[in-house]
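K.L.:
Sequence:
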Amino acid sequence: YWILAHLYTLQIWSRSDLRSETFHIGMLSLDMKKPRNIFIYRRNAYYHIFNRGNRKENIFLIEKDYQIFCNLLYKYTRKNKLLLISYCFMPNHYHLIIKSGNDCGAITKFMRAFMVAYAMYFNRKHNKVGHLFQGPFQIRRILGLHDLNGVITYLKNNPLEADLVGGKELESYRWYFIKDEKFVNKD
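Per our numbering, the sequence shown starts with residue 108, numbered consecutively.
For the record, the hints were derived by calculation from the structure and aren't laboratory data. Values in this document were obtained by computation on a predicted structure and should not be read as measured data. Hints are not guaranteed to be accurate.
As the list claims (entries may be wrong) - Distance condition first, Cα-Cα at most 20 Å in a straight line; then the derived DMTMM-like pairs of lysine to aspartate or glutamate:
| id | residue 1 | residue 2 |
| --- | --- | --- |
| 1 | K186 | D210 |
| 2 | K186 | E164 |
| 3 | K182 | E170 |
As the list claims (entries may be wrong) - Across the chosen pairs, the derived CB separations fall in these ranges:
| id | residue 1 | residue 2 | range |
| --- | --- | --- | --- |
| 4 | D287 | N161 | 25 to 35 Å |
| 5 | K182 | H233 | 33 to 43 Å |
| 6 | L250 | K171 | 16 to 26 Å |
All C-beta atoms in this analysis are idealised placements derived from N, C-alpha and C, irrespective of residue type, glycine included.
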């Protein structure tokens, strides 16, 4: 058996069939149904990152919560040298599109610091204890421009489908952002 440990992930490879089992140690994940394989991370790649509140509860209770979340998002993307392409904050979940830089471990470091900081703020502010999010963040590498445009369109439609803009244009929804509209396919 070969063992490779990196960023709280332990990969065990069997020589006989070259299958791997992923175990997670530390504070990231012990959930065997949703492996969080570090090999998803690539240099200069785009990622869709998302999570929702524990028991599908709201993660933003007041307007200030959205603002603090946004401020922490910008703080930790800069600190970890990541490029924020787009975000959409909904009352009980969020979506991010992030472009990685040269450090393959930067997204994990970013999300750990970002989520801990926001959960600590939220629990203090609203006199709560325990988990704010239903589990570890979910992440999917975006493959190509067509996929990127599809994810951006999905984020864009979230507030419209949830009727958070009251039938108005998306521009009236404060918690949607896209860095550059050139990514969006206009068909």
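K.L.:
All hints are to be evaluated individually against the structure, with a verdict given for each.
P.N.:
Verification of the supplied hints:
A hinted pair counts as satisfied when its Cα atoms are at most 20 Å apart, and K186 with D210 qualifies at roughly 12 Å. A threshold of 20 Å between alpha carbons decides the hint, and for K186 with E164 the separation of about 29 Å lies outside it, so the pair is violated. A hinted pair counts as satisfied when its Cα atoms are at most 20 Å apart, and K182 with E170 qualifies at roughly 19 Å. Separated by about 34 Å at the C-beta atoms, D287 and N161 satisfy the suggested range of 25 to 35 Å.
Between K182 and H233 the CB atoms are about 21 Å apart, so this pair departs from the stated range of 33 to 43 Å. Evaluation of the 16 to 26 Å hint for L250 and K171 yields a failure: the beta carbon distance comes to about 37 Å.
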